[in-house]
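This is what each chain is made of:
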Amino acid sequence: MTSWTGAGTDLAISVVPVFVFLVLLVFLDSYKLIPMRQTLRSIAVGCGVAVLCVGVHALGFRLSGGARRYYGGLGIPLIEESLKGAYVFWMTRTGRVGFMVDGAIAGFALGAGFSLIENIYYLRIIEGGTLLVWLLRGCGTAMMHGGTTAIVGILAAHFASRRGGAGAPALIPGLAVAVVIHSVYNFSPLSPPYSAALILALLPGVMALVFRSSERSLEEWLREGFDADIEMLDTIAKGGLAETHAGRYLESLRRSFTPEVVADMFCLIQLSLELAVRAKGDLLRREAGFESPPDPEVKRKIDEMEYLRRNIGRAGLLALEPLVAGSARDIWQLRLLGYQ
Amino acid sequence: MKVEGTKKDNAVVVTVTGRMDAVAAPQFERACAAWLDQGERSLIVDMSGLEYCSSMGLRSILIIAKRLQASGGRFALAGLGGPVREVFRIAGLLPVFSVFETVEAALGNAG
Numbered sequence: 001m002t003s004w005t006g007a008g009t010d011l012a013i014s015v016v017p018v019f020v021f022l023v024l025l026v027f028l029d030s031y032k033l034i035p036m037r038q039t040l041r042s043i044a045v046g047c048g049v050a051v052l053c054v055g056v057h058a059l060g061f062r063l064s065g066g067a068r069r070y071y072g073g074l075g076i077p078l079i080e081e082s083l084k085g086a087y088v089f090w091m092t093r094t095g096r097v098g099f100m101v102d103g104a105i106a107g108f109a110l111g112a113g114f115s116l117i118e119n120i121y122y123l124r125i126i127e128g129g130t131l132l133v134w135l136l137r138g139c140g141t142a143m144m145h146g147g148t149t150a151i152v153g154i155l156a157a158h159f160a161s162r163r164g165g166a167g168a169p170a171l172i173p174g175l176a177v178a179v180v181i182h183s184v185y186n187f188s189p190l191s192p193p194y195s196a197a198l199i200l201a202l203l204p205g206v207m208a209l210v211f212r213s214s215e216r217s218l219e220e221w222l223r224e225g226f227d228a229d230i231e232m233l234d235t236i237a238k239g240g241l242a243e244t245h246a247g248r249y250l251e252s253l254r255r256s257f258t259p260e261v262v263a264d265m266f267c268l269i270q271l272s273l274e275l276a277v278r279a280k281g282d283l284l285r286r287e288a289g290f291e292s293p294p295d296p297e298v299k300r301k302i303d304e305m306e307y308l309r310r311n312i313g314r315a316g317l318l319a320l321e322p323l324v325a326g327s328a329r330d331i332w333q334l335r336l337l338g339y340q
Numbered sequence: 001m002k003v004e005g006t007k008k009d010n011a012v013v014v015t016v017t018g019r020m021d022a023v024a025a026p027q028f029e030r031a032c033a034a035w036l037d038q039g040e041r042s043l044i045v046d047m048s049g050l051e052y053c054s055s056m057g058l059r060s061i062l063i064i065a066k067r068l069q070a071s072g073g074r075f076a077l078a079g080l081g082g083p084v085r086e087v088f089r090i091a092g093l094l095p096v097f098s099v100f101e102t103v104e105a106a107l108g109n110a111g
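Quick mapping for you: the protein sequence lines, in order, are chains A and B.
For what it's worth, our numbering labels the leading residue of the first sequence as 1, then goes sequentially.
For what it's worth, our numbering labels the leading residue of the second sequence as 1, then goes sequentially.
Hints are computed from structural coordinates only; laboratory data are not their basis.
Honestly, I wouldn't trust all of these hints.
Stated by the list, open to error - FRET-style restraints, in silico, Cβ to Cβ:
(1) Asp9(B) x Asp303(A): 44 to 50 Å
(2) Arg30(B) x Leu28(A): 25 to 31 Å
(3) Ala22(B) x Glu291(A): 22 to 28 Å
(4) Asp9(B) x Tyr249(A): 40 to 46 Å
(5) Gly6(A) x Ser71(B): 50 to 56 Å
(6) Ser71(B) x Val54(A): 51 to 57 Å
(7) Gly39(B) x Thr5(A): 54 to 60 Å
This structure is a prediction, so every number in the text was calculated from the model and none was measured.
All residues carry an ideal CB built from backbone N, CA and C; glycine is no exception.
Next comes chain B alone, as it looks inside the complex:
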């Protein structure tokens, strides 16, 4: 899995591509935590290139979302589609997050 973070407007867009499994999920968590430690309070995760997300991936996403929520920050998912979206839907996790079709839509909503 590849994780890349870019600062755009007032948010950090974290792009994840490939498979977010037990090995890769901690890498995502560390990358996001590094941005949060730098004081960033708005995170958008671009998942349009994500092919697979296991329970460890979901756990990492939930942990980062909770950390941001607790500090009054904002966490959003963008480009969630295909089988990965289905995993979120069946697990009942979609209502937990702000979900946008594209990164642009999420940035536009950042206010």
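With the rest of the complex left out, here is chain A:
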């Protein structure tokens, strides 16, 4: 009974710092754009990745033979960060993460889940570990795991926000930084207490910078995007689309598509703009502190959008890409309204 209590205390010490930090990040996010169930799912995925890594590393150590030290210092960071980063990247690519703050929270949650399982594993293999060992695992290794995956999420969200930037290259810079940090941590010439102190000193500052920059970026995107979308809708309403670049492009598509499909393309552009304005209106509401209850009108427009997309077909949608849903953030804002 006593050993169970002791193990529980050790585990708590080794994971409490990372989960407290995660709660702080969620609390500090003023727009609250990541739903709680998505954060919990990220934690669960982190747990799954850690279980997978236990098996992969057992095999990796067996195969690495005399190069075990290098597998520990380079192979482990590369494998763990790639597997953790893959999920964060998928979230960005599918519009579940729109801004750096969302990427930071999703990534940190995943890293927290990872460290939970990793510490349960170490609880079984480190016998007689002192309080200091678990404290260092909690404040050092666990925070490092949360921090590196948060960096992957932050940079993936940053690069994916550019038009056409949601592809694999959006993952590479964050992944490279995460692998280097993880590797340096594993090979660190500093003693573990100093490494943990360094992580604890740097991480809050980095996160504060990311939060400030992300909120500024969101405000800027909101302001500029809203006004541009409204201007375009106004142009359409006044029948002036043909004079714009978008109108001329749409006109050129008449050579390749039937008139019915081109008409649906026009409707899709208008509907996408209306939904984009609506999503930004919801964000303005949230920013001011108002609720955003579900609206049947939005549901109807999303259904109509689905119908139009089916009618236009894959080739037509590809041709329309320069005008509709060009970046991961465009998909993200539709997801904000419940679009799957």
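Please build the complex by placing chain B on the supplied structure of chain A, with the hints as guidance.
Just chain B, lined up with the frame of chain A:
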């Protein structure tokens, strides 16, 4: 943009004319905040002379509305029409506010 506030019955009618853009929106926000700081708890914004409202204008209106709501006050929009009303409608912001055809109707509803 021109912003003018007048006390009528138990409410303050803030009349805005012209364009409420990034430059003018803070002016509206400051004018409303000044009335609220004086203890006024009922604000009617007459938008019949407003030609244009950008995201910054919407943000300012939402901020003032929230401030009044939080202190148990009343905030209403009057004379909202044309393209400005369309912006509110498409952005899904009409349900947030009490909207009246005229200032008189809003004053009559002040109870």
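Does the beta carbon distance between Gly6(A) and Ser71(B) stay inside 50 to 56 Å, or does it fall outside?
holds (53 Å)
Confirm or reject the claim that Asp9(B) and Asp303(A) have a C-beta distance inside 44 to 50 Å.
holds (46 Å)
Could you tell me whether the CB distance from Asp9(B) to Tyr249(A) stays inside 40 to 46 Å?
violated (55 Å)
Return holds or violated for the Cβ distance of Ser71(B) and Val54(A) against the range 51 to 57 Å.
holds (56 Å)
Between Arg30(B) and Leu28(A), does the C-beta distance stay in 25 to 31 Å?
holds (28 Å)
Using the C-beta atoms of Ala22(B) and Glu291(A), is the stated range 22 to 28 Å upheld?
The hint (22 to 28 Å, Cβ to Cβ) holds, given that Ala22(B) and Glu291(A) are roughly 26 Å apart.
Quick one: are Gly39(B) and Thr5(A) within 54 to 60 Å, going by C-beta?
Since Gly39(B) and Thr5(A) have Cβ atoms about 59 Å apart, the given range 54 to 60 Å holds.
Going down the numbered hints, you'll see the structure goes against just number 4.
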